[in-house]
Every structure is written in C-alpha cells, then in structure tokens.
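**Student:** For reference, the chains in residue letters:
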Amino acid sequence: METSLPNSLGQSGLASDLRALFAVMRREWVIFTRYPSWVIALFIWPLIFPMLYILTARALAGPDGSGMAVFMETTGATDFIGYIVIGTTVWMWQNIVLWDVGFSLRNEQMRGTLESNWLSPTWRFSYLLGHTGPQIVSMFMFFSITALEFALLFGVKLNGSVWMILLTALAAVPSIYGLGFAFASLVITVKEANAFVFLIRGLVMIFCGITFPVSLLPGWMQSVAEWLPQTYLIHGMRAAAFSNAGIRELAPDLIPLLLFGTFWLVVGYFTFLWMERRARRTGAIGQY
Amino acid sequence: MEITTLSQPNLRTQLRAVYVIALKDWKVFWRYPLNAVSQIFQPIIWITPVYFMGKAFSVNGQALGFAAYSGTSDYMSFILLGTVLTNFILTVFWGMGYALKNDMDAGVLESNWLTPVPRLLILVGRTLSSLLVTTITSAIMLLIGAALFGFKPTGSVLAAFLTAIPMLIGLYGFGFAFAGVVLLIREANTLVDVSSFLVQGFSGTNFPVKSLPTWLIPIALILPLTYGLDAVRGFLLGSDTLLPIPVEIAILIVFMFGMLWFGAWVFHRVERRVRTLGTLGQH
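Line by line, the protein sequences give chains A and B.
Going by the numbering used here, the letters in the first sequence line up with residues 33 to 320, in that order.
Going by the numbering used here, the letters in the second sequence line up with residues 20 to 302, in that order.
Residues on chain B that point at chain A, a partial pick, calculated with CB under 7 angstroms:
| id | residue |
| --- | --- |
| 1 | S57 |
| 2 | P68 |
| 3 | V69 |
| 4 | M72 |
| 5 | K74 |
| 6 | A75 |
| 7 | V78 |
| 8 | A82 |
| 9 | F85 |
| 10 | T209 |
| 11 | F216 |
| 12 | G220 |
| 13 | N225 |
| 14 | F226 |
| 15 | P227 |
| 16 | S230 |
Residues from chain B that keep clear of chain A, each with C-beta distances beyond 12 angstroms, as calculated:
| id | residue |
| --- | --- |
| 17 | P28 |
| 18 | R31 |
| 19 | T32 |
| 20 | K46 |
| 21 | G169 |
| 22 | G174 |
| 23 | L177 |
| 24 | M275 |
| 25 | L279 |
Just so you know, these hints were derived from the structure itself, not from any lab.
Using N, Cα and C, we set each Cβ at its ideal position, and we do this for glycine too.
This is chain B alone, in the form it adopts within the complex:
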C-alpha cells in the first residue's frame, strides 16, 4: 500500500501559512489596543530623561561636548533616529525568540512544529505583523518626538531607508540563532532583555560609539548594527561617520548574507538537538 501525505506543501501553501501566522499575531496585538499606545509612548518615555540630562550638560542650549564626538549638537534628533532603528532591532529579537517562548508556555509549540511548514518560515511569519506594527508606531512616535523635542533630518530619507534594509535582513539571521538558543534554554525573558539591551547600548543607539571608553570600542566595532546606525545617521543628519559610508554599506551587505547563513545553521542544529532530547514541549 502506498502511503501518501495529506499535506501538499508548495510555495502557495507556505505563503498562505506565513500570512495566517501574521494575521493571527495582528489580531492578537490589536485585541489589546493599549499595547499600541504603549509602543508609541514607551520609547519617548525612555529618552525623556536623556533630553533633560542633555539640558544639564548644555551651555545656552548647545550640547557642545556631544557635537565634538558626533559632528552635530542636535542630540535629540540623533537619539530619536537611533530609537526608531532600535524599535526594529527589538522587533526581530522579540518577534522570534519571545514568540517561541510564548508558544511553549501556551503549549502550542509542539503542535505547530508538526505542521508541514518550514520552521524558519514560521519564525519569519512571527515577525511580519510586528514589523508592520513597529512601522506604524515608530512613525507616530517620530511625529510626537519631533513635536516634543524637535527632529530635523537634513539628508536623503531614501538613501537612509535603503541602507537600513540589509541591516534588518541581517538581523533575521541574529533572530534565527537567538530563537535556537531560546529553544535550548527555554527561559527567554531575561536573555532577550539583556542581549537586546547590550546590543542596543554598544551599537550606539543613544550616543556616538566614539564616546565609549577605549576598551569598549572594539565591542561596538564588531557589531554590524553600529555601522547601520552610523550610516543612516550620516545620510539623514550629516553626522560624522566611523568609516566612509560606502564601506559601511558593504559591511552591512556582507553581514546580511553571513548572518542569514549562520543563524539558519545554528537554528537547525539546535532544533535537531531539542527534537532528539524530546524537550520541545517542555518549559
């Protein structure tokens, strides 16, 4: 007797699966509208102490010390831009690693794993809705931030946008590897919080990495996100960049391919291991 599988996976069914995953997350997110309000105001709340701290460092409203490091005294535009990019960075970190943890807790990870959908596609699907939400909330946040603190981009928005794309795609590689780690250690909250906070700090979300103590600068320089943030700011604010912008873009493109391969490799290795151990359903 010939055994055939009921599932007929092809490109269309897989795209449908991704769409359904994203739609489910979209519905869950908007079920609690306060989450959206929180996503808009949270980053503004976090940078408000920096705004007032900057005043304590300024003479006649000019942050001259900051300008000496970054080439611009407009530290709030510098930070607002860093915050927007960080929102996307966090979305990929949270979107995959944390989504897996939620599935574990809800007891649906094992059953989702049995569906004939590639695991990496499930992970990508978990980020689509949050990327769209992040785009909407970041745009509103930027408008409110501009009204409260001032935001004065002077350069090319299109060039900055195109530069951010390889950075974000490369982050998916990070996210895959990270999701593998979550599968292995299961308790994800602290790991997600700490790692995203460190990456965010060292890649210069709130400050130019040149201002880091000398012994910390190498850590910042090995993070490709540093060059992404730097190049986007270079385009939009005309701030001084660490390397010439074309070199930074080249680094981002290499990072994109390298991280995608590495992340997928780590994830598959870990996933096979947890299936062998039978710990996929445990939390």
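If we strip away everything but chain A, and leave its shape as in the complex, we get:
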C-alpha cells in the first residue's frame, strides 16, 4: 500500500500570510504593553525632549525676552514652543522607528527565535511588517499625547487644519518606515549597528532644521538638507499647524515626501530580499 505525503506541511497562501502577520502584530503589542515603561515613553518623552531646546531658547532670549523677537523675525514662527516641538517630534519619530522597526529582526536574533521563525512556511516580510503595525499605533498615540500636553501645559494653539497635519504625517510614513525596513535588513548583516542609528538621526538633527530654519545653514548644508525627507516633513508640518497652509501651499513638501517615500519603500523591500537571500547562503541568520 502506498502512502501519499504532502510536499510540505505548511500550506502557505494569502490567508495564512495574513494570519502570520496578525500573529506578529499581536505578539509585538503584548510585548509593548508588558513593560510599564511604555507609559513613560508615551507621556514623559514627548514633553522632556523638546523641553531641553525650549529652555535653551528661553535662555537665549534673555530675561527681557528681547532675543525672542529676533528669533520670530528670523524663523517666521508665530509660536516658538510649537516651532521647536514640531521639529523635535519629527526627530523623535525617526529615532523611535530606527530603534523599534530597525532593530526588530536583530532583537529576534538576540532572543534566538529568528532562525526558527525563518524556517516556518510564512511570508518572511511579515516579521518586519508585523512590527510596524503596533509601532504606527503607538506613534499615533505619541503624537496625540504630545499635542495634548503642549496645548494644556504651554498653551500651544494650532492655527491650522488637523487634517492637513495628518495628511503631511501620512505622506511621510512611507519614507520614515521604508528607511526603517532598509535599516532592519542591514542590521541583520552588520549586527552591532547602534552607530548607524546615531548617524542617521544625527543627519536629521543637524540638517533638517529641528530648532531653526534651514535657511540659516551654510549653502552646502542646505543642499544636503534637500535630500532628506524629514526636512520637508518638518517644514510642511509647521506650515500646516501654524500657518493654516492648505493642499496648494503644502504641495512643495508633500510631493518630495511621496517621491522619497516610494524610493525608500522600494529600497527597504529589496534590501530585505537581498538580506534574506544572503542570510540563507551564508547562514548568518543564527549568528550574533
């Protein structure tokens, strides 16, 4: 009597891939809420990181606030706290994505579960994508709490449409997370990549004008800034939040953001495929 065996016990298909994706998302959410320090991350960080720059700005303004008038004139800002908060929040967004999404596969590797997960008959990109879902939810909470805290404690008032702010943030999602995907794949290859996070977030900090207008930078630095999507995000967010900018005024920021987003998503996905092939060939998945 002949016994027929299935070719593989795993029956991969769209439904199973989606199930795997949701399983990864659920696991990440459970881990996120398991450590109470997420409360600090969500409530304290949005307040204290911008505070350092806000307090420095107060010191630079002088006891009579005379320097503030110079700052307002130079930057065109109507609210110096709001101006700084938007820049620093964008920086924090990119920073958190690099640590969370960028190190997601590496953390799996350190826990010793990456290799066994890799052997399951699932869509491997779901491991990376699954990290992104809860991350976007937590970032949305992060932004809402930031807006609420600065409105309640410092009287920062939005002078624009919330929808335009959301639209600008949405346009930046592909570039912010695409960069995170590319980074996650590279981290698996180079292992200790903290210095690369410092490099990327450092570029944002120096060139994108988180606390000052990019026009204050020397010419060559302004040219570098033009190649960083966060420059457009910060500029667009400030215009949407405080200058009541509509779609027409935001278009010069939204179009580059979408173009950069497409580029980084493609780079992110193909870097992942390259890493996956390379890891299988060299057996690097289990090494750390």
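Add chain B to chain A, keeping to what the hints say.
**Tutor:** For chain B alone, kept in the frame of chain A given last:
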C-alpha cells in the same frame, strides 16, 4: 570537619577583580570601534541645533539675551563645557545601572553575584573603563567642538578639574542607588534615559539655571550637580555663579559624602530584597 572557603579575598584580589572587570569592558568597547566614533560625534550632533538656534537669537553674532543671564555671550563655550561634564555624569548613570541590565540580559548577573567580590566594587569596576573612554572621547570632542564652534576658556583648568572631582565621586552614590532601582524594576533603558535627561536638563547643561521658569528653579537648586557645573564654568569661563564659588565647593563636598553613604545604603537594602525574593536572575 572544618569547612574552609576556597576564596581568599583580600585587598590585592579585590583590586585584581576590579582590574579584570575594567579590562573586560575595555576590550568589549574597542571590539566595536564605531562606538568610539559615535561617542565623539554624538554630543557634537546634539549641540549643533543649539548652535544654529543661537544664531537665530543673535544680533551681529552676539547672544545678548544669553549674556544677561550668564555673564558671557559665548554660549557655545558654555554649552561645550556642560556637555563634557554631562558625558561623565552619564557614564556613571549608564556605567552602573545599564551594566547591571546587560548582565541580567546576558544571564551572568547571578553567577557574578556569587563571586567573593563586594557588590559595590563590581559596580565601581564597571565604570572605570567607561570613565577612561569618556576622558579620551571628551578631549577629542572638545578639540573638534572648538574647531567647529569655538571654545575659549579663560580661567584656571586645574581649579575647575579639582572642583569636578567631589561632584564625580558624589555621583557614584547616585549610581549605587540607581543600580539598586534597576535590580528591582529590571527594565532600565527608559529609566536611565529619562532620569539622566532630566538631571542633565535641570542642572543646566545647556543653559544657565537662572533662565528656568520660576517654578522649576527650586528643582535645579536641590541638584548638587547644578553647583558643580556652575562652579566649573565660573572658574573656566568667568561666568556669573549662583553662589560664591567656595560655598558651591562646600556643597559638593557635603554631597559627595552624603550621596556615597545614601547610595550604598539604598543599594544594600534593595540587593538584600531581590536576593530574598529570588528575582536576581529574572529579567
């Protein structure tokens, strides 16, 4: 039958243990040379936005508002000096609390704890290598910072250095207490980040504490680091100090003894508690 212990702890063996711990950390650090590059450039990256922001506040290159608070319009020297001292402050915070967390994650904390070396000595050992690294990287950072932004100390370097010593020793007390808290709550990253950031902010790393809103000034004044940063700047930059410098030094010396005692007390209490609970190996 008489039971004797195989370990023969004495001053020499304990110093050897401290040396071995420091050597291990030194090797691990230089195994990843990019970490050193990062330590040099990170602080410069963090203060670059302040440099350009300062330009947005300046008239004819003079930060007059800043001078009214601090007694010097050279805000970049003020901030560079604050950054160097903060590097050392962070080293003690990270060096002990974070090192314990790393040991927990790597699963070696329990076995290290079984060695006949005083626990506080293990903690001190974990900071020695990073203090040396911080000294090297801070010196390079200061040179690069001076080239990029300008750094013009005008006063006595020796007096400033001697003033910083009781502050740093007192910080060890902070570090002991903090390491105890890490043992208890286990998840250290956020705690280390937030607390060091707050201490750094309120003690006036980037700005004179006089410029803080009135309701925040008392927080700055109860932090001994405020007086350390203030006195060092007073010596090196000739900036206005909150109190006469001898009074600030006296505060730092009291802080040094007080914090060392308090930190060691907290650490021992917490350590006994986690041993009783049996949670030392958990993370």
